[in-house]
Structure formats: C-alpha cells, structure tokens
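Chain order of the listed sequences is A and B. Read in order, the letters of the first sequence correspond to residues 1 to 328 in UniProt numbering. Read in order, the letters of the second sequence correspond to residues 1 to 282 in UniProt numbering.
Some hints here could point you the wrong way.
Cut-off 30 Å, straight-line C-alpha distance, at most; resulting in silico cross-link-like pairs (DSS-like, lysine-lysine) [claimed, not checked]:
{"#": "1", "chain 1": "B", "residue 1": "Lys169", "chain 2": "A", "residue 2": "Lys323"}
{"#": "2", "chain 1": "A", "residue 1": "Lys214", "chain 2": "B", "residue 2": "Lys2"}
{"#": "3", "chain 1": "A", "residue 1": "Lys38", "chain 2": "B", "residue 2": "Lys98"}
{"#": "4", "chain 1": "B", "residue 1": "Lys56", "chain 2": "A", "residue 2": "Lys211"}
{"#": "5", "chain 1": "A", "residue 1": "Lys214", "chain 2": "B", "residue 2": "Lys17"}
{"#": "6", "chain 1": "A", "residue 1": "Lys133", "chain 2": "A", "residue 2": "Lys270"}
Derived Cβ-Cβ restraints for the label pairs, each shown as a range [to be verified]:
{"#": "7", "chain 1": "B", "residue 1": "Ala171", "chain 2": "A", "residue 2": "Gly49", "range": "44 to 54 Å"}
{"#": "8", "chain 1": "A", "residue 1": "Leu170", "chain 2": "B", "residue 2": "Leu51", "range": "21 to 31 Å"}
{"#": "9", "chain 1": "B", "residue 1": "Asn14", "chain 2": "A", "residue 2": "Ile233", "range": "38 to 48 Å"}
{"#": "10", "chain 1": "B", "residue 1": "Leu73", "chain 2": "A", "residue 2": "Lys229", "range": "21 to 31 Å"}
{"#": "11", "chain 1": "A", "residue 1": "Ile233", "chain 2": "B", "residue 2": "Arg166", "range": "50 to 60 Å"}
{"#": "12", "chain 1": "A", "residue 1": "Thr85", "chain 2": "B", "residue 2": "Ser244", "range": "45 to 55 Å"}
Derived contacts from chain B toward chain A, CB cut-off under 8 Å, selection only [claimed, not checked]:
{"#": "13", "residue": "Ala24"}
{"#": "14", "residue": "Pro165"}
{"#": "15", "residue": "Leu260"}
{"#": "16", "residue": "Leu261"}
Keep in mind that the hints were calculated from the coordinates and are not lab data. A quick note: this is a predicted structure, and the numbers were derived from the prediction, not measured. Each residue gets a CB set at the ideal place from its N, CA and C atoms; glycine is no exception.
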Amino acid sequence: MEKEKIKKGKNAGSFRELSGTLWDNESKVLLPLESLDKLRLQERNFRAGLSTASALILAIVTGIFITLVIASLPSIRATGFVFFTGSTWDPVKNIYGTLPFLVGTVITSFLALLISVPFSLGVSLFLGEYYPKGWFSSALRTAVDLMAGIPSVIYGFWALLILVPLVRSLEMGIGVPAYGVSILTASLVLAIMIIPYSASLGREVIAMVPKNLKEAAYAMGATRFEMIKMVVISYSKSGLFAATLLSLGRALGETMAVTMVIGNSSILPKSLFDPGNTMASVIANEFTEAASTTYFSALIELGLLLFLLTAVINIVGKSVMKKLNVVK
Amino acid sequence: MKETAIRNRIYKNNLIKGLVITFALLCVVPLISVLFYIVKQGVGSINWDFLVNVPKPVGEEGGGIANALVGSLIIVGIATLMAVPIGVAGGIYLHENKNTRLANWSRLSTDVLMGVPSIVIGIIAYFWIVMTFGSFSAFSGSVALAIMMLPVIVRSTEETLSLLPRQLKEASFALGVPYHKTIMRLVLPCALSGIISGILLSVARVAGETAPLLFTSFGNAYLNTHPGQPMQSLPLLIFNYATSPYEDWHNLAWGASFILLVWILLMNFFTKLAIRKWRITY
Numbered sequence: 001m002e003k004e005k006i007k008k009g010k011n012a013g014s015f016r017e018l019s020g021t022l023w024d025n026e027s028k029v030l031l032p033l034e035s036l037d038k039l040r041l042q043e044r045n046f047r048a049g050l051s052t053a054s055a056l057i058l059a060i061v062t063g064i065f066i067t068l069v070i071a072s073l074p075s076i077r078a079t080g081f082v083f084f085t086g087s088t089w090d091p092v093k094n095i096y097g098t099l100p101f102l103v104g105t106v107i108t109s110f111l112a113l114l115i116s117v118p119f120s121l122g123v124s125l126f127l128g129e130y131y132p133k134g135w136f137s138s139a140l141r142t143a144v145d146l147m148a149g150i151p152s153v154i155y156g157f158w159a160l161l162i163l164v165p166l167v168r169s170l171e172m173g174i175g176v177p178a179y180g181v182s183i184l185t186a187s188l189v190l191a192i193m194i195i196p197y198s199a200s201l202g203r204e205v206i207a208m209v210p211k212n213l214k215e216a217a218y219a220m221g222a223t224r225f226e227m228i229k230m231v232v233i234s235y236s237k238s239g240l241f242a243a244t245l246l247s248l249g250r251a252l253g254e255t256m257a258v259t260m261v262i263g264n265s266s267i268l269p270k271s272l273f274d275p276g277n278t279m280a281s282v283i284a285n286e287f288t289e290a291a292s293t294t295y296f297s298a299l300i301e302l303g304l305l306l307f308l309l310t311a312v313i314n315i316v317g318k319s320v321m322k323k324l325n326v327v328k
Numbered sequence: 001m002k003e004t005a006i007r008n009r010i011y012k013n014n015l016i017k018g019l020v021i022t023f024a025l026l027c028v029v030p031l032i033s034v035l036f037y038i039v040k041q042g043v044g045s046i047n048w049d050f051l052v053n054v055p056k057p058v059g060e061e062g063g064g065i066a067n068a069l070v071g072s073l074i075i076v077g078i079a080t081l082m083a084v085p086i087g088v089a090g091g092i093y094l095h096e097n098k099n100t101r102l103a104n105w106s107r108l109s110t111d112v113l114m115g116v117p118s119i120v121i122g123i124i125a126y127f128w129i130v131m132t133f134g135s136f137s138a139f140s141g142s143v144a145l146a147i148m149m150l151p152v153i154v155r156s157t158e159e160t161l162s163l164l165p166r167q168l169k170e171a172s173f174a175l176g177v178p179y180h181k182t183i184m185r186l187v188l189p190c191a192l193s194g195i196i197s198g199i200l201l202s203v204a205r206v207a208g209e210t211a212p213l214l215f216t217s218f219g220n221a222y223l224n225t226h227p228g229q230p231m232q233s234l235p236l237l238i239f240n241y242a243t244s245p246y247e248d249w250h251n252l253a254w255g256a257s258f259i260l261l262v263w264i265l266l267m268n269f270f271t272k273l274a275i276r277k278w279r280i281t282y
C-alpha cells in the first residue's frame with residue numbers, strides 16, 4: 001500500500017513540488033519555483049531545529065543533575081558523610097541518617113532480583129530455546145508484554161489487598177510479628193514487576209546465539225540441557241548479566257508499588273519481615289511534608305543518589321547490550 | 001555402567017526442561033491474579049454515573065471518577081504535545097548525524113533518561129515548574145511525563161529510520177529535492193508506523209505513572225480543566241483511595257484501576273495495529 005503511495009507520489013508530493021523547480025519548455029531549463037536563497041534558509045532552519053532538539057535532551061539531563069546537586073547542597077553541608085552512615089532519621093530533631101533507607105533499597109532490590117532470576121530465565125529459555133514458535137509461546141509472550149504494561153500503582157493496589165494478607169498468614173505461621181507490610185512483600189511485588197523486563201531482554205540475548213554453535217553441540221551428542229549450559233549460557237553470559245543489571249536499575253527506582261506495601265518505617269530493619277522504607281518510598285511519602293530546608297534538601301540528596309546510581313547502572317548495562325548488538 | 005550415565009543425562013535434561021516450563025508458566029500466575037481481581041472488583045462499579053460524577057465524601061453512596069479521567073487525558077495530552085516534536089526531531093538528528101559530538105552526548109543522555117526513576121523526574125518538575133509558578137499544577141505534571149516520554153520516542157524514531165533503505169533518500173537527493181523536504185515529505189511518511197507506535201508506547205508507559213505526579217499535579221477532589229491548577233489523575237486517585245481505610249473508596253479505586261488498565265491495554269493493542277497497518281515492505 002505504502003509502496004504505491006510512494007510511487008504515485010501522493011504522500012511524498014510530486015517531483016516538481018518537492019524539488020521546487022519547474023521545467024520550462026521554451027528555454028529547455030529547470031526554473032526554480034522559489035528562490036534558492038529561501039530554500040537554503042529553510043534548510044538551515046530545519047537542520048538547526050534538529051540539532052536544537054538533540055541539544056535540548058542533553059540539556060534536560062544536565063539540568064536534572066545540576067538542579068539535584070544545587071538543591072541538595074544544604075543537606076550535604078549540614079550532614080556530610082553521616083548522611084550515609086547514620087541510622088537515625090528524625091526530622092523533628094533535625095537528624096538525617098539514611099542508612100535504614102539505603103539498607104531497605106539494597107535488600108528489596110537484590111531480593112527481588114534473586115526471586116525474579118529463575119522466572120525470567122525460565123521465560124527467556126522457554127521462548128528463546130524450547131518453544132520459540134507456536135500459539136502457546138506467542139500467548140506467553142503476549143502475557144509477559146501485558147505484565148510489563150500494568151502500571152505500578154495497580155500492582156501496588158493488588159499487592160496491598162492480596163499479597164499483604166498472604167504474607168501476614170505466612171508470618172503468623174512462622175511466629176513473627178504479623179505486620180503483613182514488610183520488606184519481603186515489597187521484594188515480591190518488585191520481583192513480579194521486573195520479570196517481564198528482564199525476560200524480554202534475556203530472550204533477545206539468547207536469540208543472538210549462533211545456530212551453528214548449537215548444532216555443533218548437538219552433533220557432539222550433547223543433550224539439550226548440556227547444550228544450553230555449555231553454549232547458550234556461556235555465549236550469552238555478559239548479555240544476561242547486563243539484562244540483570246538493567247532490571248536492578250528498574251528495581252532501585254521503583255516507587256509506588258513499594259511505597260504501598262513496605263510499611264514506611266524509618267527504623268533500621270532487622271529481618272525481612274520488618275516494615276522498612278526505600279529511598280524512593282521515603283521521597284514519595286515525605287517530600288510534600290518536608291518543612292525545614294535541611295529536611296527538604298536531605299530528601300533531594302536521596303534523589304540525587306538514586307539518579308547517580310541508576311545513571312551508572314544504565315550506562316554500563318546499555319553499553320554491554322550495545323556491544324552485543326541487542327539494543328542499538 | 002555406561003547406560004546409567006546416559007540415563008542420568010537424559011533424566012537431568014528432562015528435569016531442567018520441566019523446571020524451565022514450570023517457572024515460565026508460574027510467571028503468568030500474578031498476571032492472571034491481577035487481571036482477575038481488577039475485573040472482578042472493578043467491572044461492577046462501572047456505569048455511566050461512575051464516569052460522569054466526581055467522588056463523593058466517605059459515607060455517601062455513588063460518586064465517580066470524572067475528575068481523574070478528564071485530568072489524566074489533559075495531563076497526558078499536554079505531555080504528548082510537548083514530547084512528540086522534540087522526541088521525533090531528536091531521533092532524526094541522532095539518525096542523520098551518527099558520530100558528531102552532540103549526537104554521542106545526546107544518545108548517552110537518552111540512555112540515562114530512560115533509566116532515571118520517575119520519582120526523581122517528579123522532584124525535577126517540582127523545582128522547574130511548581131517552584132517557578134508557585135503552585136501545584138497540571139502543567140508541571142505534564143512536563144514530568146513529557147520528560148519520561150522523550151527517550152522512548154527518540155529511540156523508536158531513530159530505530160525506525162535506520163530500518164529504511166538508504167536508496168530512498170539518495171534517490172530523492174538525486175532528483176534535486178532539498179534536504180528538509182526529503183526528510184519531512186519522504187522519510188517521515190515512510191517511517192510513520194514505527195514513529196506512531198513509539199509515541200503510543202510512550203503514552204501507554206506514562207499514563208499509569210504516579211510518582212512524578214505526587215508533587216506536581218498533586219490531585220484535586222473536584223473537576224478542573226485549567227492546566228495551571230492542581231488536577232486529579234487516574235493513577236493518583238488509585239493511589240490515594242487504595243491506601244485509604246474506607247471500603248467505598250477501595251471500590252472506587254478498583255473501578256479506576258479497571259478503566260486505567262483498559263486504557264493502557266487498548267494503547268498497546270493500537271500500537272500493534274499501527275505497526276501492522278503501516279508496515280512497509282520493499
């Protein structure tokens with residue numbers, strides 16, 4: 001359809017209109033419809049517009065960084081390094097130690113990663129290796145796509161009403177204080193949320209494995225599992241690592257679902273069943289309440305930390321993926 | 001001896017296959033559970049009144065989500081209007097200028113922007129817009145969402161353009177067509193499917209974002225269409241009402257979740273349709 005359009009020049013405009021020229025039959029020359037100067041000006045403006053847009057993206061990211069740094073200066077000056085090592089967060093007494101949130105963020109992200117790895121690896125292998133074609137695998141692919149599309153606030157709502165009671169009954173079963181809202185609950189939701197992301201990245205990495213390597217392994221008499229272990233996994237090791245890293249970046253910054261089920265307690269958590277807080281959830285909860293300058297700026301320093309962490313993780317993960325030609 | 005070794009290997013092979021299938025299928029359980037609960041709890045509260053009324057205070061029957069529905073449409077609409085031109089132009093620049101210094105830095109920025117947590121974008125929109133104008137506003141929410149849409153649009157534009165054959169442009173230049181007209185009238189129409197699907201994807205991605213709206217568009221219990229004032233949106237309404245202790249408000253949140261989910265799934269469906277309808281074969 002499009003092909004015809006291009007041929008007939010409906011979409012593209014006629015040659016005469018496009019080139020801005022007119023064939024003069026008497027003098028046998030192409031006469032410009034508009035003056036060449038005007039065309040040149042238009043062209044220069046167009047190119048300038050393109051590079052402005054590109055520069056604007058760069059400016060936005062630089063601006064984000066600079067704004068965060070400037071806004072967190074009061075807190076950096078007031079708290080210094082204690083910001084990272086202090087375990088008391090008490091805005092009333094003007095004490096800002098973020099260790100509980102750092103610990104909460106690290107534990108929830110890594111636990112979520114740990115839970116999600118077998119599942120996302122399972123999906124990647126299922127779609128990339130065992131059943132790459134057929135209605136069943138396309139149904140699973142659609143399902144994973146759907147999972148990626150569900151907003152985090154809906155996951156949070158679902159977790160609040162379904163997952164929290166489940167965890168509570170588990171806690172009652174093993175005899176710990178049954179809050180229901182806990183670091184474990186948050187990790188479970190996070191795991192569910194990052195599975196589709198790491199699974200789709202993993203599937204692309206696994207699809208990159210050359211066919212003749214796999215055939216060679218089969219020709220040597222390897223079973224499918226041995227082939228996967230020796231060829232697929234070892235060939236796509238760095239890609240799978242990058243996929244995990246990128247999902248870690250996602251997990252670090254995820255806010256809403258975590259805020260709804262983690263319990264929002266600023267005390268250093270002692271076990272997985274304790275309520276906690278993450279950097280993102282504490283910002284979400286306290287940003288609009290922060291009255292004093294230092295309090296406000298301490299929250300922004302957390303945001304700066306999140307920005308730097310995810311930026312580094314993303315740059316490293318993306319560069320590995322680009323080297324493998326998975327993402328351009 | 002040899003036979004048992006082979007049997008062991010086959011056994012191990014089958015075991016791993018079983019594990020892979022089990023784990024892959026278990027992934028779908030949460031999805032089914034989420035969909036099941038949202039449909040079960042949400043569908044009941046959907047009716048005309050639900051769509052055209054604003055929420056009522058606790059204790060009163062009825063009430064709807066009109067304010068959030070209108071707010072979401074306005075906030076996402078303004079964000080799209082801001083993000084699309086910049087994103088598409090940026091994508092064209094990145095494709096046309098592969099290795100200039102600006103292109104490299106801008107590509108890196110896109111990567112970074114793709115991973116910035118949405119809550120950080122919220123802080124930024126608060127500083128840039130809310131502090132400047134002195135009040136929470138729908139517009140500041142739109143700015144936050146637009147920043148989040150940018151990298152997706154840039155990426156999809158760049159990738160779609162790189163799929164087009166080079167000869168298309170060369171033929172146009174050979175005929176003496178100026179650069180800007182080649183891009184605007186020939187390259188862009190050919191790449192329309194990819195660009196539109198990228199835009200739809202980015203809209204679907206930000207339509208459910210809550211964190212950046214917490215301190216920008218802020219939420220509003222009444223219907224408001226003025227972008228300079230606080231405005232309610234679907235995700236914010238779900239967050240506020242889901243975390244409230246009242247049963248009535250939970251029902252409202254379930255209904256809103258259902259609408260939001262249908263909206264986002266429809267966007268995804270249209271993306272697939274756009275790709276199929278405008279797919280170009282050479």
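Comparing the hints with the structure gives:
1. Lys169/B / Lys323/A: holds, 28 Å
2. Lys214/A / Lys2/B: holds, 25 Å
3. Lys38/A / Lys98/B: holds, 28 Å
4. Lys56/B / Lys211/A: Between Lys56/B and Lys211/A the Cα gap is close to 62 Å, so the pair fails against 30 Å, i.e. violated.
5. Lys214/A / Lys17/B: holds, 17 Å
6. Lys133/A / Lys270/A: violated, 47 Å
7. Ala171/B / Gly49/A: 44 to 54 Å: Taking Cβ atoms as reference, Ala171/B and Gly49/A lie about 24 Å apart, which means the hint is violated.
8. Leu170/A / Leu51/B: 21 to 31 Å: With Cβ atoms ~39 Å apart, the hint is violated.
9. Asn14/B / Ile233/A: 38 to 48 Å: Given a distance of about 18 Å, which is not inside 38 to 48 Å, the answer is violated.
10. Leu73/B / Lys229/A: 21 to 31 Å: About 51 Å separates the Cβ atoms of Leu73/B and Lys229/A, which means 21 to 31 Å is violated.
11. Ile233/A / Arg166/B: 50 to 60 Å: About 37 Å separates the Cβ atoms of Ile233/A and Arg166/B, which means 50 to 60 Å is violated.
12. Thr85/A / Ser244/B: 45 to 55 Å: violated, 37 Å
13. Ala24: holds, 4 Å
14. Pro165: violated, 11 Å
15. Leu260: holds, 6 Å
16. Leu261: Interface hint status for Leu261/B: holds (6 Å vs cutoff 8 Å).
Checked against the numbered hints given earlier, this structure breaks hints 4, 6, 7, 8, 9, 10, 11, 12, 14; the rest are met.
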